[in-house]
Amino acid sequence: MNKQDFLAALRGLLNDLPAEDIRRSLDFYAEMIDDHMEEGMAEEDAVAAVGPVEQIADQIRGDAGAAPRKPKRKVKPWSLALILLGLPLWLPLLLAAASVIISAYVSIWAVVISLYATAVALGISSIVVFLMPLLYIPTGNMAGACLILGAAMVLTGITILLFVGLKPITKGTVWLTKKSFVWLKRLFIRKEATR
Amino acid sequence: MDIQLKRGLLDVCVLAAIQNEDSYGYQIIKDIKPFVEISESTLYPILRRLENAQLLTVRTAEHNGRLRKYYRITPLGKQRIEDFKNEWKELLSIYQFITGKEERHE
Numbered sequence: 001m002n003k004q005d006f007l008a009a010l011r012g013l014l015n016d017l018p019a020e021d022i023r024r025s026l027d028f029y030a031e032m033i034d035d036h037m038e039e040g041m042a043e044e045d046a047v048a049a050v051g052p053v054e055q056i057a058d059q060i061r062g063d064a065g066a067a068p069r070k071p072k073r074k075v076k077p078w079s080l081a082l083i084l085l086g087l088p089l090w091l092p093l094l095l096a097a098a099s100v101i102i103s104a105y106v107s108i109w110a111v112v113i114s115l116y117a118t119a120v121a122l123g124i125s126s127i128v129v130f131l132m133p134l135l136y137i138p139t140g141n142m143a144g145a146c147l148i149l150g151a152a153m154v155l156t157g158i159t160i161l162l163f164v165g166l167k168p169i170t171k172g173t174v175w176l177t178k179k180s181f182v183w184l185k186r187l188f189i190r191k192e193a194t195r
Numbered sequence: 196m197d198i199q200l201k202r203g204l205l206d207v208c209v210l211a212a213i214q215n216e217d218s219y220g221y222q223i224i225k226d227i228k229p230f231v232e233i234s235e236s237t238l239y240p241i242l243r244r245l246e247n248a249q250l251l252t253v254r255t256a257e258h259n260g261r262l263r264k265y266y267r268i269t270p271l272g273k274q275r276i277e278d279f280k281n282e283w284k285e286l287l288s289i290y291q292f293i294t295g296k297e298e299r300h301e
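Chains P and Z, in that order, give the protein sequences.
The first sequence maps to residues 1 to 195 in this note's numbering.
The second sequence maps to residues 196 to 301 in this note's numbering.
Treat the hints with caution; some may be incorrect.
Below, in silico cross-link-like pairs of lysine to any residue (SDA-like), each with a Cα-Cα straight-line distance of 25 Å or less [unchecked claim]: (1) Z:LYS228 to P:LEU26; (2) Z:LYS225 to Z:ILE276; (3) Z:LYS264 to P:GLY40; (4) Z:LYS264 to P:GLY12; (5) Z:LYS228 to P:MET41; (6) Z:LYS264 to P:GLN4; (7) Z:LYS225 to P:ALA42; (8) P:LYS167 to P:LEU115.
The set of hints was computed from the structure by calculation and includes no laboratory data.
Kindly generate the complete structure, drawing on both the sequences and the hints.
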């Protein structure tokens with residue numbers, strides 16, 4: 001890099017700082033490069049000796065209390081035009097893919113909710129069936145009462161098993177949701193952070 | 196070396212480089228380099244800091260058809276050097292105490 005380009009690059013990286021700071025920094029480094037050359041160094045070597053321009057800019061910005069500057073990613077105008085042209089093609093596809101994913105997600109939750117509903121229904125039925133033997137006792141039908149009581153216990157057992165099993169299933173679905181969001185976020189954030 | 200410590204030390208080095216006569220950036224680096232590593236990008240913030248603290252003043256003069264900045268130490272700057280030397284006298288006696296204690300155990 002020659003002196004002209006170095007100073008232009010430095011000015012560019014500092015352009016949001018106060019004019020006085022920019023002028024002072026440029027004067028200092030121009031002087032340094034000139035002094036190196038006066039001692040016999042070639043222009044390119046003098047610029048290299050002074051250091052990488054991004055590092056220098058970061059240091060000056062750090063001292064001035066400004067944040068280090070990320071060089072702006074140049075968006076090539078014609079790749080942007082291509083994206084816009086293809087809009088009628090990729091946009092519906094993107095929407096379709098999104099709807100499929102969303103419906104899949106909703107279905108998973110639907111299954112979980114119906115499992116809960118089943119568990120609740122079974123729970124209510126078991127309570128009712130537990131009460132039924134009371135109807136049998138007045139008629140003296142002890143066998144029938146025991147049978148019904150047995151059935152009630154089986155129902156209650158299944159209900160308890162369902163409720164116990166639902167807890168990890170729900171946890172797993174929530175975890176799946178969280179993981180998908182994190183993965184989605186990383187997909188977008190990585191694009192923005194490319195230097 | 197601890198980076199904060201080195202920073203403080205370099206500040207005083209720069210003052211020492213100009214304590215007897217005015218100097219300019221490139222010359223200051225040449226004077227200090229044999230003793231401690233210093234680059235242009237390190238020197239610039241130091242000079243700004245020293246100027247803001249009024250430990251030195253800056254003037255522009257012509258040299259070979261271009262402008263060059265010369266740095267001159269102020270009385271405050273000279274005081275800073277004296278304070279530094281005193282701090283280090285104390286540090287040295289502490290160091291002698293520590294190493295003295297070690298020798299006695301051998």
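Cross-check of the supplied hints:
Using a Cα cut-off of 25 Å, the hinted pair Z:LYS228 and P:LEU26 holds, with the two alpha carbons roughly 23 Å apart. For the given pair, Z:LYS225 sits about 20 Å from Z:ILE276 by alpha-carbon distance, which is consistent with the 25 Å threshold. Between Z:LYS264 and P:GLY40, the direct Cα distance comes to roughly 20 Å. Compliance with the 25 Å bound is thereby established for this hinted pair. Of the pairs offered as hints, the one joining Z:LYS264 and P:GLY12 holds, with about 23 Å between alpha carbons and a cut-off of 25 Å not exceeded.
Using a Cα cut-off of 25 Å, the hinted pair Z:LYS228 and P:MET41 holds, with the two alpha carbons roughly 18 Å apart. A hinted pair counts as satisfied when its Cα atoms are at most 25 Å apart, and Z:LYS264 with P:GLN4 qualifies at roughly 20 Å. This hinted pair checks out: Z:LYS225 and P:ALA42 have alpha carbons roughly 18 Å apart, not beyond 25 Å. Pair hint P:LYS167 plus P:LEU115 holds up; C-alpha atoms about 11 Å apart against a cutoff of 25 Å.
Taken one by one, the earlier hints all hold for this structure without exception.
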